[in-house]
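Novice: Take a look at the letters that make up each chain.
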Amino acid sequence: MKIAWYTPYSEHSAIGRFSQQIVAALRSLQAEVTVVRCERKTSDIRSISALKDDRDWVWAEDFGRNPIKKLNSFDITIYNLGDHFDFHAFSILHQKRVPGITVLHDYSLHNALHNYCLFNAEESNDYREHLYSEFGHEALEAMDEMYLQDQPARWWNQEIARFPLFRWAMMDTLGTVTHANHYRGVVAEQIGCPTTTIPLSYDAITDAKPAATPMQDEKFTIITVGNVNSNKRYSAIIRAIHESPLLREKCRYRVVGSSGDGAVGQLQQEVDQLEHPIDVSFTGRVDHETLEREVSQAHIISCLRYPALEGASASVIEGLRSNRPVIVSDNGCYQEIPDDLTFKVSPPKEHQELTHRLEWIVNHYDQAKQRAVRANQWATERHCPKAYSKAMLEFIDLVLYNAPVLRTSDRVAAALKTWGIEANSPLLERIDVGMQDLFGRPDSSAKAA
Amino acid sequence: MKVLLTSSYVPFIKGGGTAIVEWLEHKLVEHGHEVETIFLPFVESMDNMFNQMLSYRLLDMTENADRMIAFRPPAYLLRHPHKILWFIHHFRAFYDLWDSGYCGIPKTAENHAFRRRLMDADTVGLEESKHIFTNSRIVSDRLMEFNQIDSEVLYPPVLDPERFYCESYEPTVVYICRMEEHKRQHLLLEAMRYTKSNAKLILAGKSHSASYPRKLKLNAMKHRLTNKVEIMDRWISEDEKSQLLARCSLAAYLPFEEDSYGYPSLEAQHSRKAVLTTTDSGGVLELVRDEQNGLITEPDPQALAEAIDRAVQTPGFAKQMGEEGPHRIAELGIQWDHTINRLMAA
Amino acid sequence: MKILVVNNMVPFIRGGAEKLATNLVRHLGRYGHDAELLRIPFRWDPANRMLDEMLACRMMQIYNVDRVIGLKFPAYLIPHPHKTLWVVHQFRQAYDLWESGHSYLSHDGEGQHLRHSVTEADNECFADSQSISVISRVVKERMQRFNRVPSEVLYPPLDDPEKFDCEAHENYIFCGGRINNMKRQHLLIEAMKHCRSDIKLHVAGPPDSPEDGKELERLVKQAGLQDRVILEFGFLDRERVIQLVNRSLACACVPFDEDYGYVTLEAFYAGKAVITTRDAGGVLEFVTEGETGTITDATPEALGEAMTRFAEDRPATISMGAAARDEIHDRNINWPSTVKKLVA
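Top to bottom, those sequences are chains A, B and C.
Numbering-wise (the working numbering), the first sequence opens with residue 1 and increments by one.
Numbering-wise (the working numbering), the second sequence opens with residue 1001 and increments by one.
Numbering-wise (the working numbering), the third sequence opens with residue 2001 and increments by one.
Chain A with its partners taken away, still in its complex shape (with noise of 0.2 Å):
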């Protein structure tokens, strides 16, 4: 099996990482992976040091305008995708080229659309008449809103949840592949094509031992990792420890990670104006080696998301392989955990459930922690490489059985639609039930070999 893998191969580039250790699998499961690197070729990404490959990569963009002839060797490209216009650039451009399978790490493409529909002078669509096209009115409505009360932040890092827009980069793929179940079902109904969900393979950072449980004048630390921004709930953490006695005693908080638009700033005025001083730090900006030891130092790992933009979360997958105990909110990917596993939280409820679990744990930290370690023995079953390529390589064998069958799909659409006929029309439902009757459902996962 020759697989084409687009992917960002920054070492800045999670998704990067991601592909190295999945293109390693792949390779040891006797398949040739050709890393393409999908990123545009600007002085930004071309500064920082790609991954380490034993073997060569080749850029995207190096195959001009037209990559089928370069593609035609492979038995399936596979393009991963992520919000990030620069990032993703060629696995946008060229799965219109050349459909392959798409690994959908976000589902909800506005920054990339927004970007690509500033680069691609050529469409006329802008990113109002993508988003008014598929969600009308409503979204339009809540962007505005949103500019309106001088937040577009809130629209672009929240709101955004809401109208999971994606259709638009994969409109000819064969197949998707999800990391979790809960976009995986919009998905399939939105694009028609065989989709499953991989558990996202992250191979952990750190593999610490449990944290010593704090002695009676020790605190506890909390920890939240990455990108400085509202979702991680940074304010939800910072109340519940400062309207709680006992956490404001035993608890210390530090945000590991920086933010590129003062979101760090805004935070520390918040401590600052509070009633009761309580223990917070900023480490900014961290290399892996300072991160595995924040990580290390850690009692409590935060790993709160609201609204969980993301398809998986890589940083949950950290956590839990820390051995230490996680609290994630119980939306998105993270409701797909495991109950007894983590520490949920339920958003309409934060405050209240947040204090709770965190008093809890400060005073059961013994039996947190073995929840931890479970926590951590059922992350690396599930979510490792091999698990990973595994699963891809079935799958791709499941897109190609089904490729001629969506071809022929495609082309009885277009001509439908030459006849005025359009996708949801009812008219199609007996062609719909024609097709399955000779080929089975498009995405169904029986009669692979």
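Please keep in mind that the hints were generated in silico from the structure rather than gathered at the bench.
It is possible that some hints are incorrect.
[To be verified] Computed list of lysine-lysine pairs in DSS-like fashion (alpha-carbon distance at most 30 Å, straight line): (1) A:Lys386 / A:Lys369; (2) A:Lys386 / B:Lys1215; (3) B:Lys1014 / C:Lys2214; (4) B:Lys1196 / B:Lys1206; (5) B:Lys1206 / B:Lys1014; (6) B:Lys1014 / C:Lys2340; (7) B:Lys1217 / B:Lys1228; (8) B:Lys1241 / C:Lys2002; (9) B:Lys1027 / C:Lys2019; (10) C:Lys2214 / B:Lys1002; (11) C:Lys2019 / B:Lys1002; (12) B:Lys1107 / A:Lys69; (13) C:Lys2002 / B:Lys1206; (14) B:Lys1027 / B:Lys1196; (15) B:Lys1215 / C:Lys2002; (16) A:Lys369 / A:Lys209; (17) A:Lys2 / B:Lys1014; (18) A:Lys69 / A:Lys390; (19) B:Lys1222 / B:Lys1206; (20) C:Lys2019 / C:Lys2193; (21) A:Lys96 / A:Lys390; (22) A:Lys96 / B:Lys1241; (23) A:Lys369 / A:Lys349; (24) B:Lys1107 / A:Lys70; (25) B:Lys1014 / C:Lys2341; (26) C:Lys2193 / C:Lys2214; (27) B:Lys1206 / A:Lys390; (28) B:Lys1014 / C:Lys2163; (29) B:Lys1107 / B:Lys1130.
On the provided structure of chain A, position chains B and C as indicated by the hints.
Specialist: Relative to the frame of chain A, chains B and C by itself:
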């Protein structure tokens, strides 16, 4: 009964695949049935196969006929509550020829998957059939091997067996058949270099291309066989065919791995003539029994030459084998009454 | 050239355009082409099957053919780079019949959608065709009206026009062709009640169904016209039909809104004036009032009156017949030029 006969075809190309359908129509009408024959176009190109298969599937033959008999692929996809197949071959490139050198389809993962998809779609149509007949043991075996489906062999008769007769056993070998590479007239031509008797060879039939007959003629000239070999590369009328068969000692039919025995060998047997064929001719061997109603040799010019000499030089041998022809035909039930009984009873 | 003529068919039912299709194939062959006929089974009932049928034709592939000549919807939707149309009729259920409320397509959502898709499919096909001919002006006008597509009228020639001749003027009016409700032979029988002369009516042809024949027999019996009306049912020998036409005084052809009719041509070649009605459709493209026949209201009284006139004024009738003959010859409807036009 009202019977629909359906098959795929390529416009302007007539052959065994259309003959069997047309002859059956003729005979069914003779037996008092009402028949409608429908040929639908089909092009075997990977880009378009599934689209066309869908188009067959979208048609509806349910009304108006008591039963439907479907022949060439993918006619078995047509829908009818009483669907009978007289299955004469698969999409061979994707089935039995896939692993041979004659396939021409690159063995990529994509194409392997395409093949599986095709086979699964075919099986849907096959499984819907009330009964499946084939034209040979070989094809039945393939249906079992590739689609895990049972079938009954029903050998196709020629339209007018009465046309064929026996006049004499002159020292000629005739090969009356389209002149194509895979029919291997060239092999027989080569054999004439090694014959020691006064045997003459007549090659008769039209070719799709000009190059193959030209090659044969050049070869004949090169090896000085022109007085031993006659090459009639044109359309041969039914009367001419009967005549040529009536007078020969041996009728050759040695295609490479053919699905079924082929009408030429059957016609020869109706003319009470032994059939000369080779070990790798495939379905012909279902009809021919070595030394009984014909001769089977290695596909090698010298072996063929020996067989020809034997047939021509051994007194009474050709006749003895030829007389066996009608018995063999009866033994295999190759006869319209039987055919129609089976097709209408299933 | 290898030319494939493409037409619809319904298994076990012989339709009107079948003869045209086989004639076309034969004549194409006569003029040096390899020609074959492809018949695609067409089932339009229930209405929502339309889309399946259309798509089936659209998804077919043709190989080894230089030209395709398409005759009817949806068979003519088959794709081919060099497609010529000789439209016998479009799918009238989606056009004029829909408009007049006689269509089996409903006027609600689904019916509307289907109608629209038929129109769009036709438009796509017309745009992709190299040339479009139609068998009558009626078809041309409809195509112009509903699809805004121009076309050229190319009347289907008779196969054997030379066999028709004015042999005699025996005392009967002849009505040939298929027998069914739409052809309205019943109207002629009723008209005989109002015919004051002793002229007979001779109806001959195959009834579409036994009921169609029985209905006419009943009418004759009821009106007591057994000795005035001769009914000859069945698939007649061509020779017999020719004889009946050639020896008649005049012919009558009164179908409802027919696109075309060979019967009129046969009459004209035989030099017979034709009685027809205002709503007969394509027949009116040939018959001119007072010159080559007469055009009346579609009532028994009016037709009876016309028959009486024809019978009583034999010289005028015969003279109109001669004019009809000249007319049809002037039109020069023949196979060589038809083939030439279609293959250009």
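Novice: Taking only the CA atoms, is the gap from Lys1014 (chain B) to Lys2341 (chain C) under or equal to 30 Å?
Specialist: 29 Å, holds
Novice: Given the hinted pair Lys369 (chain A) and Lys209 (chain A), is their alpha-carbon gap at most 30 Å?
Specialist: With a Cα-Cα distance of about 10 Å, the restraint between Lys369 (chain A) and Lys209 (chain A) holds, given a limit of 30 Å.
Novice: Lys1107 (chain B) and Lys69 (chain A): Cα distance at most 30 Å?
Specialist: The given pair, whose Cα atoms are some 18 Å apart, holds under the 30 Å limit.
Novice: Check the hint pairing Lys369 (chain A) with Lys349 (chain A) against an upper bound of 30 Å on the C-alpha distance.
Specialist: 25 Å, holds
Novice: Next pair to validate is Lys1107 (chain B) with Lys70 (chain A); report whether the Cα-Cα distance is within 30 Å.
Specialist: 19 Å, holds
Novice: Check whether the Cα positions of Lys2019 (chain C) and Lys1002 (chain B) lie no farther apart than 30 Å.
Specialist: Distance ~22 Å between Lys2019 (chain C) and Lys1002 (chain B) Cα, so the pair holds.
Novice: Holds or violated: Lys1196 (chain B) with Lys1206 (chain B), Cα cutoff 30 Å?
Specialist: With Cα atoms ~29 Å apart, Lys1196 (chain B) and Lys1206 (chain B) stay inside 30 Å; holds.
Novice: Taking 30 Å as the top limit, are the C-alpha atoms of Lys1027 (chain B) and Lys2019 (chain C) close enough?
Specialist: 24 Å, holds
Novice: Does the alpha-carbon distance linking Lys1241 (chain B) and Lys2002 (chain C) stay inside the 30 Å limit?
Specialist: 28 Å, holds
Novice: Holds or violated: Lys2002 (chain C) and Lys1206 (chain B), Cα atoms, limit 30 Å.
Specialist: 19 Å, holds
Novice: Would you check the hint for Lys1206 (chain B) and Lys1014 (chain B), treating anything up to 30 Å between C-alpha atoms as holding?
Specialist: 12 Å, holds
Novice: For the pair we were handed, Lys2 (chain A) and Lys1014 (chain B), check the Cα-Cα distance against 30 Å.
Specialist: 42 Å, violated
Hints 2, 3, 14, 17, 20, 22, 27, 28 and 29 from the earlier list are contradicted by this structure; the remaining hints agree with it.
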